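Spelled out from the first residue to the last, the chains are:
Protein chains: 2
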Amino acid sequence: MQDNLQVNMDEFLPLRDVVFNTLRQAILTGELKPGERLMEIHLANRLGVSRTPIREAIRKLELEGLVIMIPRRGAEVAKITEKSLQDVLEVRRALDALSVELACERISEEELIQLKNACDEFEKATHTKDPKKIAKADVELHDIIVKATGNSRLVQMVNNLSEQMYRYRFEYIKDASKHQRLIDEHRVIYESIRNKDKTTASETAKLHIDNQETSVMEQIHSERKIK
Amino acid sequence: MQDNLQVNMDEFLPLRDVVFNTLRQAILTGELKPGERLMEIHLANRLGVSRTPIREAIRKLELEGLVIMIPRRGAEVAKITEKSLQDVLEVRRALDALSVELACERISEEELIQLKNACDEFEKATHTKDPKKIAKADVELHDIIVKATGNSRLVQMVNNLSEQMYRYRFEYIKDASKHQRLIDEHRVIYESIRNKDKTTASETAKLHIDNQETSVMEQIHSERKIK
DNA sequence: AATACAATCCGTGTATACAAAATACACAAA
DNA sequence: TTTGTGTATTTTGTATACACGGATTGTATT
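If you read the protein sequences in the order shown, they are chains X and Y.
According to the working numbering, the first sequence is numbered sequentially starting from 752.
According to the working numbering, the second sequence is numbered sequentially starting from 752.
If you want a taste of the chain Y side facing chain X, the calculated C-beta under 10 Å gives, among others:
1) Glu813
2) Glu852
3) Gln915
Short, incomplete list of chain Y residues facing chain X, as computed with Cβ under 8 Å:
4) Arg806
5) Arg810
6) Lys811
7) Leu814
8) Glu815
9) Asp838
10) Glu841
11) Val842
12) Ala845
13) Leu846
14) Leu849
15) Asn902
16) Ser903
17) Leu905
18) Met908
Just so you know, the hints here were simulated from the structure itself, not pulled from any lab data.
Every value quoted in this text rests on a predicted model; they were computed, and no experiment measured them.
Here a beta-carbon is modelled for each residue, glycine too, at the ideal position from N, C-alpha and C.
Generate the whole structure from the sequences, applying the supplied hints.
Structure, rendered in structure tokens:
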């Protein structure tokens with residue numbers, strides 16, 4: 752772990768939440784690596800707080816599945832296995848399909864316009880070749896869809912599942928050869944939501960995840976070879 | 752809150768986990784009522800521990816959605832609204848459908864026998880008219896199905912969603928007039944999983960949840976009238 | 001009687017202290 | 001060299017102390 756781990760004091764939140772967000776971000780971006788131990792005093796010193804907020808943040812990360820607790824030994828960053836990624840994607844597939852179906856029923860005119868814009872913005876973002884911008888545009892687009900379901904529980908669960916994929920999705924989105932396909936799929940999803948065509952919408956959403964799965968799995972296998 | 756809230760010292764777990772389980776149980780059974788404040792010192796005295804394990808347990812309950820935090824005021828038991836129940840059931844419906852579909856593909860011979868037994872046990876339990884036994888048999892049956900998917904993430908998420916319904920499901924299952932229908936639906940689900948008939952399995956699973964939804968909503972409305 | 005204001009109390013947020021367990025290490029014996 | 005044991009150190013688990021903010025109550029003034 753490098754020393755660029757730093758609390759963001761801009762936000763006016765209890766320290767435990769600041770620590771929680773900081774650690775989560777560090778885990779999701781890979782700054783804290785799977786298997787790495789999270790030692791309370793070290794983290795406390797590094798972040799300039801006491802152990803209490805650290806411990807409370809770890810309790811939340813534990814429930815979120817990002818760290819695992821070993822009794823009397825403390826916390827370590829959860830190891831991501833191929834199986835666990837497949838499990839996540841399998842659930843995500845079902846929930847994304849549900850999201851677009853519900854969106855067909857419930858999306859407002861305004862949200863539909865937002866979605867159209869988000870599709871355009873995503874296409875523009877791919878032209879910049881800046882992975883951060885592309886990822887951001889992609890997140891925003893999918894956010895509009897789940898939010899359009901009006902189901903806050905669904906929003907929460909889909910977000911949590913996406914998080915688990917963060918690192919891999921980032922690599923995925925860098926691959927320019929896949930961009931056109933993503934753009935097209937986004938368009939199909941937009942069109943079918945507009946036409947209230949649940950079947951096409953959900954099939955395309957599933958396809959969208961399947962592509963991601965294939966790509967992520969390829970990536971993991973190539974990573975393994977490098978090691 | 753009465754004083755029958757008590758830590759279970761049988762288990763050899765960190766106090767925070769004991770407290771977490773105790774509080775969760777108390778919330779799910781309605782012993783701690785929605786809107787009730789969770790004051791750390793009171794809970795600490797009542798459970799005979801210090802504030803630290805209480806606070807850590809609350810952090811987990813917070814992430815699980817069972818309590819909500821009000822800044823500088825502390826935690827209170829989350830209020831369950833009709834909307835939030837519908838949201839939960841909407842997601843649960845999709846995940847139960849996914850579960851039976853995956854079970855069609857992946858269930859082992861042994862699990863299939865267990866499932867058959869669970870159906871029989873459920874029917875027997877309804878004859879006892881003991882709601883606790885019926886609820887237990889029902890949980891076991893559905894547990895076999897999700898476990899048969901081999902997707903641990905799915906197991907975790909379905910369990911979490913079921914929890915939110917605990918109180919209402921319990922009332923639902925007491926209603927003897929609904930028993931035959933439940934027995935039949937369980938049988939259809941079992942049969943269709945055995946025959947690898949995904950369509951029937953998933954349709955029945957969805958129906959199963961729809962019935963539950965109708966019943967729970969009736970219950971909430973009648974509760975409201977009583978008040 | 002109503003409102004404004006101050007003193008007080010209560011509870012959370014954070015830090016620290018203490019106890020117990022686990023780990024690491026050194027040194028001795030086979 | 002390997003194995004075993006005892007001690008020191010590290011780290012977690014739990015309790016407590018302290019400070020700050022918000023709420024409440026009581027009092028004075030209008």
